Amino acid sequence: MIQVAGKQMAWRDGMTVSDLLDDLKDPHPYAVIRINEQYVTRPNFEHTLVPDDVEVFLIPMIAGG
Amino acid sequence: MPDYDLKEVKALNYKRPDIVNGYTDQTLYLNLSDHKIAIKPVAEKTKKTFTGGKGYNLWLLWNAVQPNTKWNDPENALCIAAGPLGGTPIYPGSGKSIVATLSPTTASVMDSNVGGYFGPYLKFSGFDALEIQGKSSKEVVVFIDGVNQKIQIFETSGLPQNAYELSAVLTEHFAQGKPRNISVVSAGPGAKNTLIGCLNFTWYDPKRKRARYKQAGRGGVGTVFADKGLKAVVACWNNVTADTNNPADKARLKNVAKLHSREIVELDPKQNEMAKIGTTHLVTIMNDHDLLPTHNFRYGQHPQAPNLGQEVYRRLFDPGFDGCWMGCTVACSHGIKDFVPLTGPYKGKAVFVDGPEYETVAGCGSNLGIFDPHTVAEMNFYCDAYGLDTISVGTGIAFVMECFEMGLINETHTGGMDLRFGNRLGALELVHQMANAEGFGQIVGQGVRKMKAIFAKDFNADPDIMQDIGMEAKGLEFSEYMTKESLAQQGGYGLALKGPQHDEAWLIFLDMVHNFMPSFEQKAEALHWFPMFRTWFGLCGLCKLPWNDIIPEDNKDTDEPAKVIKHVQWYADYFSAITGNEMGPDDLIKMSETVYNFQRIFNLRMGFGRRQQDDIPYRAVGPVTEEEYESRAERYDNQLVKTYKVAIDGKSTAEKIAILREHREAQYEKLKDAVYKRRGWTSDGVPTLKTARRLGIDFTEVIELLKANGANS
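Top line first, the protein sequences correspond to chains A and B.
If you want the numbering used here, it's the position in the first sequence, counting the first as 1, plus 16.
If you want the numbering used here, it's the position in the second sequence, counting the first as 1, plus 2.
Extracted from the complex, chain A is given alone in its bound form:
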């Protein structure tokens, strides 16, 4: 199991960040998420694997500046 935005979610072997966001069916165009303390950005969503037993944070928007 993994925790995504505070909710439990089933984990599967080979699950990428893109897979996770597809499963969520959240239409928000996330550009950045965080797996525990590691930031992952959109260009890397497709090839970044989500490990089991992690906490995933959906970063709503990068404001910068």
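It should be emphasised that the hints constitute simulated quantities derived from the structure, not laboratory data.
Warning: the hint list may mix true and false statements.
Said to hold, decoys possible - With a straight-line cut-off of 20 Å between C-alpha atoms, the simulated EDC-like cross-links for lysine to aspartate or glutamate are:
1) A:Lys41 - B:Glu555
2) B:Lys272 - A:Asp69
3) B:Lys592 - B:Glu527
4) A:Lys23 - B:Asp556
5) B:Lys50 - B:Asp588
6) B:Lys679 - B:Glu667
7) B:Lys272 - A:Glu71
8) B:Lys272 - A:Glu53
9) B:Lys140 - B:Asp320
10) B:Lys568 - B:Asp588
11) A:Lys41 - B:Asp559
12) B:Lys272 - A:Asp68
13) B:Lys256 - B:Glu268
14) B:Lys653 - B:Glu671
15) B:Lys658 - B:Asp470
16) B:Lys558 - A:Asp39
17) B:Lys272 - A:Asp29
18) A:Lys23 - B:Glu555
19) B:Lys592 - B:Glu46
20) B:Lys278 - A:Glu71
21) B:Lys209 - B:Asp320
22) B:Lys658 - B:Glu487
23) A:Lys23 - B:Glu268
24) B:Lys349 - B:Glu167
25) A:Lys23 - B:Asp559
26) B:Lys272 - B:Glu555
27) B:Lys49 - B:Asp700
28) B:Lys152 - B:Glu10
29) B:Lys558 - A:Asp42
30) B:Lys278 - A:Glu53
31) A:Lys41 - B:Asp556
32) A:Lys23 - B:Glu664
33) B:Lys653 - B:Glu636
34) B:Lys42 - B:Asp20
35) B:Lys351 - B:Glu167
36) B:Lys558 - A:Asp38
For clarity, every value in this text was computed on a predicted model and none was experimentally measured.
Once you've looked at the hints, dock chain B against the given chain A.
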């Protein structure tokens, strides 16, 4: 006995007024030429028109200077203010000061905001703003003692030169055992010996038992301070509570403050963890999106960038509370304990580094081709201690390094230094030279605009290529974001009043990554609304981070998520609760629009503020060199073919660069047209008479100025 001397040369006892709804309704005036100290009332019309903070500063400065006043003339004023909400300890991010003066690098109006305790302590001592004119022939320290209701000017000797030690010595000197009551503003030798000096504003860190500091960095405000003969300005206040601003509706204030404060405590750990890692999370995020400047803004990405990322600074930062104002729950002002520099006067000695933040990491790291966090920390430490702006230092040295690699300058000009990208010791040596007015550093410390002229005149360097790669506009060095693929952010920099600083509009992600504003009109609307709302923070004494760096969980479901409207409404409530003037979100924009247009008109008065001054170097717009083009050839080829319908078969890279440039520069000019129209300005970028009248800034001098610059309706 201390080895320094403070000799009182003037003093004024005064009666501190009660603060009413966030205002003292008076300002403090100092003239250092004759040691005059005076207290001026704030007219009701001034308050209504300019709100406070930056608005007050601009009005004081407007009345202090003439169109021909230069930055180092005695009549140039250096103004510091908080704002009506500044100093509220229960609302996050309420401790900002704002500085305004005529800049040594832009020759026009400069503003720079900063944390630390000074602005609130100044106001609680009885003054909405401080205006300093004149010049002292001997170095002076000004002490504003709000507790004992006394202003003193001291001539000094023997005090430390650098801000790191000076802040500690003056804090101890004036504290009388209560160092948290003291805030020191100082510059340093770098500010005195260059044109890119910053100001350090202290806050006291009780856990680490030391005076820490934040910087008002931009545009040489520290250089003006040092040129006036100011060693330091010190404020003293005690007993900060939610009542100190005497809010009109305390219950409403407590309610909205609790909402915002709790939200940050709950959501920051789930979002960017600013309370742990500050703004360093941006380094790898920008790098992944090709937005992190490397090698003088040539590229936006580098494989070694993670060496400067948040995972490194998470380990380097000393854990603990790092709020630069009391009660702030963002608390992002982190630092490195027991850092041992490898160069300079502190070589081999353990020091505390305040920072770095993202801008310093990018400016003094990746943009110099330096991917070593310890070098960045050392640059950060010395820039602060010397009173140098890390952004202008970074962007300035990046320009020098590219000129060196291009062969525009060589070792005969640099005093024998090999200044290719990545030379860590060379970059540090330049910082020391700037502080000590030595060697090639003296030229670098003049800033990019003046370097371009010197390199062309004295070193016979090609002025055209330097115009393309010298990252300054209006005389101010760019802050640290790549803009080539974001037309909106090109405008965010180029159309900013003081020069290319991101505090007016940071639209890169909204424009490029999210594509929220595909049309010119949408970009223009963003380049109206965002600068106006962000200006409002500077009027009120607030930090903008709580607005849109920690975001409500349901924000993404709102109509305009980029504006974070829930927080905008909270800010309207906050303003209403303190001042008693009922305001909604649109009223906040109107307040800012008034001051914003006045600042544009002020630029006009100083001989700037027209369309041509909003130009930016081509490096900010597109690829200058063949190497840059070819590094992202697919992107640029696609744009030529698909967007501009250009047949590129058989064309050389140089030909493609020229065609792309023509199109991209035309887009930028179209953007100017759309933004000027949205802002109510003429096609030359001058506010119309109608705009000035609508905003209530139709003073006689303003109307004459606008008419003289082609505004006829």
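Structure-inconsistent hints, enumerated in ascending order: 9, 14, 17 and 32
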